[in-house]
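Student: So you can see what is in the structure, the chains are spelled out below.
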Amino acid sequence: MDKKRIILNIVVVCLILFSLYILQNLLMPKYVSAIVEGSLIEEYYNEKADYNHDIIFIGDCEVYESFSPISLWKNYGITSYIRGSAQQLIWQSYYLLEETLKYETPEIVVFNVLAMQYNEPQKEAYNRLTLDGMRMSASKIRAVKASMMEDERLIDYIFPILRYHSRWNELTSEDFKYVFKKDKLFHNGYYMRVDVKPVTSIPRGRKLANYQFGDTAYLYLDKITKLCKDNGIELVLVKVPSIYPVWYDQWEQQIEDYASKNDLLYINFLELIDEVGIDYSKDTYDAGLHMNLTGAEKLSLYLGDVLTKTYDLTDKRTNKEYQEIWQEKIDFYEQMKAQQYYELEKYGYLKSFGAKAPED
Amino acid sequence: MKKLAIILLVIALFIAGCAQDDKTPANNKDGQDIKSGSNLDKADNKEDEKDKEDPDNNNNQTEYVFETAGITIAVNGELGPILEKLGEPLEYFEAPSCAFQGMEKIYTYNSFEITSYELDGKDCVLAIVLLDDTVATKEGIYLYASVDDLIKVYGDNYKESFGLYEYEEGISRLSFFVEDNKVTSIEYTLVTEE
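Here the protein sequences come in this chain order: C and Y. Take the first sequence: its letter number 22 is residue 301 in the numbering used here, and every next letter is one higher. Take the second sequence: its letter number 102 is residue 236 in the numbering used here, and every next letter is one higher.
If you are wondering where the hints come from, they were derived from the structure by calculation, not from laboratory data. Do not rely on the hints blindly, as some may be mistaken.
To be verified - Among chain C residues calculated to face chain Y with C-beta under 7 Å, some are: (1) A365; (2) S480; (3) P482; (4) N489; (5) Y497; (6) Y559; (7) K561; (8) D565; (9) G633.
Claimed, not checked - Distance condition first, Cα-Cα at most 30 Å in a straight line; then the derived DSBU-like pairs of lysine-lysine: (10) Y:K286 x C:K630; (11) C:K463 x C:K419; (12) C:K486 x Y:K293; (13) C:K502 x Y:K286; (14) C:K486 x Y:K286.
Glycine included, C-beta positions come from ideal geometry on N, C-alpha and C.
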């Protein structure tokens with residue numbers, strides 16, 4: 280075979296691979312105007328930070344809707360990032376943390392303990408929201424293996440085109456627009472919502488046959504604890520003040536025992552409603568399941584105060600380099616806040632932020 | 135060029151051959167189990183078959199159903215007509231799914247509570263929980279009945295774990311939580327696990 284022919288073959292193979300890459304990007308869901316939570320995990324890789332965040336949050340929706348990194352910066356000079364995602368299972372949190380530690384080593388990791396309720400994979404749809412956004416790595420492969428439902432396949436996560444090829448007939452202009460790059464949607468992993476839907480009733484907790492957290496859940500909590508200890512990171516456990524799903528007393532006792540046994544700080548915000556100043560008629564956008572912006576800012580203020588008093592965190596607000604980076608983030612935050620209040624005033628709901636129009 | 139055409143054909147066949155089903159996580163906005171073998175799908179199919187056989191499925195005896203004031207409530211049944219008959223609940227709570235558009239709704243009446251889920255845009259019964267002993271199962275078990283009475287009525291074909299006695303019929307599961315030999319919780323649920 281002559282040299283020219285070899286080069287031609289290489290070019291052809293490269294072209295095929297490039298075409299498949301483009302096709303895969305086109306077919307994968309974009310999660311920009313709907314189910315935006317699917318974009319949370321991948322946005323981390325765009326973070327222009329050649330520094331360690333002071334705090335990394337991991338966990339389910341309760342973290343990405345309850346703490347505002349911008350508020351932590353503005354009030355305490357703490358840098359933080361939330362690597363949260365919808366129904367993030369504890370093994371996903373562990374592997375996300377493992378992956379994050381390849382990029383940086385924070386001072387503190389905050390883990391929201393609601394995920395302890397799950398001991399096995401739940402739904403492919405939620406797996407995808409977390410795992411598709413992860414960059415390819417050994418951690419991602421391990422996360423996929425731990426998360427797959429019985430009828431899922433590893434190869435579909437390695438080559439998502441195999442899973443999404445049937446989307447070709449439902450592609451929209453959004454799919455073409457965001458083939459290569461997506462708009463920034465979050466604030467260091469915080470999902471902003473300024474709308475308000477007060478709590479009107481609190482559902483009773485159903486009786487469970489067994490309140491004991493599962494072995495797998497404990498196994499990964501142990502792994503998170505060990506990973507943090509091995510890397511000199513303080514692990515803080517939190518339970519945010521969502522009224523549903525119900526946080527049972529028996530679950531609370533197990534977490535208190537675990538925190539005590541492992542010498543970890545545990546903050547249950549459900550027991551600190553008055554101290555934090557949470558007002559369920561104003562600080563939630565979905566009747567108590569998630570905090571809105573005012574709720575998240577109150578929780579951040581309280582958490583920042585506890586963490587700065589407990590740990591040796593340096594206030595970086597006087598550092599010029601940090602100032603520039605964070606001013607850009609504050610500007611985006613304030614701009615989105617203003618836009619959301621504007622839409623709320625004009626339409627009665629957050630029309631372009633994935634909210635549902637109120638029923639008549 | 136022949137080789138290139140063959141490579142492309144092989145790739146196309148490979149991708150097409152890997153098709154699982156048409157529902158992808160992105161078009162499945164309610165986030166329900168999306169595989170063709172999903173139990174909710176199966177439950178729905180069974181319900182459809184049942185409807186064909188017996189349009190008034192309230193009298194169907196192949197599943198556990200709850201009856202109150204002449205109204206029959208079956209799991210996976212459409213909620214709208216049931217609510218019309220039951221009237222205004224004492225309390226109402228709704229829990230939207232994280233990220234997806236599904237909504238779990240809880241309607242609390244005097245002595246029982248109905249939880250619904252969304253299936254293809256319709257609210258269907260996911261669970262019924264009895265709250266006090268003024269209501270009973272259709273077969274006559276009340277809260278605080280003895281475990282002997284329970285087994286006398288429902289038989290010994292149950293699964294027991296940590297004091298939870300579970301009986302299954304079709305897509306319905308009837309669960310009794312037993313403490314100190316007394317039934318302390320009664321719940322009808324849709325069977326959604328393999």
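Student: Does each hint hold? Answer for all of them.
Tutor: So, going through the hints one by one against the coordinates:
no. : hint            : in the structure
1   : A365            : 4 Å, holds
2   : S480            : 5 Å, holds
3   : P482            : 5 Å, holds
4   : N489            : 4 Å, holds
5   : Y497            : 17 Å, violated
6   : Y559            : 13 Å, violated
7   : K561            : 18 Å, violated
8   : D565            : 6 Å, holds
9   : G633            : 9 Å, violated
10  : Y:K286 x C:K630 : 57 Å, violated
11  : C:K463 x C:K419 : 23 Å, holds
12  : C:K486 x Y:K293 : 17 Å, holds
13  : C:K502 x Y:K286 : 47 Å, violated
14  : C:K486 x Y:K286 : 24 Å, holds
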